[in-house]
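Going down the list, the sequences are from chains A and B.
Here the first sequence stands for residues 43 to 397, numbered as in my numbering.
Here the second sequence stands for residues 31 to 298, numbered as in my numbering.
The reader is advised that the hints may include incorrect statements.
[To be verified] Here are some chain B residues pointing at chain A (derived, C-beta under 8 Å):
1) 51
2) 52
3) 147
4) 159
5) 161
[Claimed, not checked] Residues from chain B that keep clear of chain A, each with C-beta distances beyond 10 Å, as calculated:
6) 54
7) 61
8) 111
9) 124
10) 126
11) 130
12) 139
13) 152
14) 153
15) 182
16) 212
17) 262
[Stated by the list, open to error] Label-pair ranges, simulated between beta-carbon atoms:
18) A:379 <-> B:211: 35 to 43 Å
19) A:195 <-> B:215: 53 to 61 Å
20) B:66 <-> A:187: 24 to 32 Å
21) A:245 <-> B:66: 54 to 62 Å
22) B:291 <-> A:176: 22 to 30 Å
23) B:167 <-> A:245: 23 to 31 Å
24) A:181 <-> B:164: 56 to 64 Å
25) B:276 <-> A:176: 24 to 32 Å
26) B:54 <-> A:199: 25 to 33 Å
27) B:211 <-> A:376: 43 to 51 Å
28) A:228 <-> B:168: 52 to 60 Å
29) B:143 <-> A:245: 27 to 35 Å
These are calculated hints, taken from the structure and not from any lab test.
Where is the CB? At the ideal position from N, CA and C, for every residue including glycine.
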Amino acid sequence: MARSGPTGQTEAVPPAADERLASVGFFRQLLARPELGAIVGAVAVFLFFAFYTEAFATARGFANMLDPAATLGIMAVLVALLMIGGEFDLSAGVMTATGGLLVAMLTTKLGWNVWSALAAAIGFGGLVGLLNGYLVIRTGLPSFIVTLGSLLMLQGLNLGVTKLVTGTVQVRGVASADGYSSARALFASTVEIGGGAFRVTIIWWVAVAALATWVLLRTRPGNWIFAVGGSATAARSVGVPTARTKIALFMAVSMAAALVGSMRLLRLTSVQANAGIGEEFQFIIAAVIGGCLLTGGYGSAVGAAIGALIFAMAKQGIVFAGWDSDWFQLFLGVLLLLATLLNRYVRQRAETVKQ
Amino acid sequence: MSAEEKSGAAVLEARDLCKNYGNILALRGVSTSVHAGSVTCVLGDNGAGKSTFIKILSGVHQHDTGELRVDGEPIRLTSPRDALDRGIATVYQDLALVPLMSIWRNFFLGAEPTRGVGPFRRFDVDFARRTTRAELAAMGIDIRDPDQPIGQLSGGERQSVAIARAVYFGARVLILDEPTSALGVKQAGVVLRYIVQARDRGLAVVFITHNPHHAFPVGDRFLILNRGQSLGHFAKSEISLDELTKLMAGGAELQQLSHELELSRPGS
């Protein structure tokens, strides 16, 4: 604009101020994204291991890293939805084993087709979720304690029933069941790209994250999920079906757990009765790294998927770097703490009255 | 009770409502009527039964005895949803807003507009953003950014968003639970202006407050509650601000006095 005279300079001030405002607005918008921390973290972890180790940034390295990230990611996305809805599910980790065991037993012991066994396992997952959700809603108890109960029950069932039926603590032999090859193609096959064998579960992971994001941000139930987690009383008084929303979330998590357990079974053709123990915390950690508040009402599905990626990158990177795997726990602890602090800061910003 | 009860004109009418919580008599024989384009104020000190009264009007609780009429038809409101479906909207003290959610998400919460059919049915986000901004502007509230979390707005602004929301969703009866109690003088004035605006749009407003100075300038009818009972029901022409203030204060004083007399009796 006019730059020559002193008057010209004063004239140039308003547009300059506007530009500054706009950039602050953009920065604020960026900060307002719950998954920002996860993206920054993912880039940092990736760059670190890509430069520090040689094997990391190769097709084989990617394949190795994305494989565990995928199944963890699918669960993290669902757990994130539940956490945004203000609840926890500690039984989700063990539920993956229950799902796998159910499919394995129905096919090998009762001769069921893999597909019908899969449907039964997912149906059972829905039942477990319904029970979790119903108890939480009906009693008003924290979901932490209710699902801790179902975790222990499922863990006991997994081991007890497996021992009763097989006499051992694992079920094997799914590969010879009807429908195994078609189910494996859909849930456990690999695609060779540039020397790395990429699992089809990666596509499932991306699809689940995309679908969850769409539901969360662009549908009515998505709006309800934010509301029941942010303030259940407020949601109820404007007519949001809070009980139905929460129960549906619990069911979705348990059903996804059954599916993920079956994916693992189809790939390994056997399943251990004590699998999945402790994984519930991995799901929650990935969701928190992805921007979910422990108190509910805020978070992101994409963030949780990226949280799972960070988790897997660090685990794989430490192996490639030749460090002791104990360091992974330290790294995880630091990351979780940082993520929690960042989330807390974001929440405080969102709740402070400006003026 | 006041004589001007043309039951045909009353949108919402309460007759001798009683409500017990176990052995606690929360409300005893309270009556009032709410007409379109007018403001009925419910006044009372803390514990007078104001909350119980509006919870019955808004469908959160059900009355035990007495009669509740909507458009002259006796009914029993089974839930807040039921009340909403009959055009009775309540703006609670806590405003029923979710602080972490954006203004437009809050505005349409529970009644989200959708587009598309079947599995592609989705929240019409653009419409929601646009409408929120327009509706708030119509009430004289200039929103900087509808994507802002509602927790960042001031108390008066939040109150106004809640009122604008109820008006937009076709409320015929607007129940406001202590909308001015947590606000400063200036912010309270802003909210009172929105109450008048809602009235001028033809809504029947029920304004619950313990402040006669807020009630008198906007009210057309006044119901005064004390310890779960009605101390009187007046039209504006039947009462002055002084009388209203005295009645509220006097009620409390009398109660205090009789309590003291009761205590001193055994000793003498």
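- [ ] Sort out which numbered hints this structure fails and list those numbers smallest first.
- [x] 1, 2, 3, 4, 5, 8, 9, 10, 11, 12, 13, 14, 15, 20, 22, 23, 24, 25 and 26
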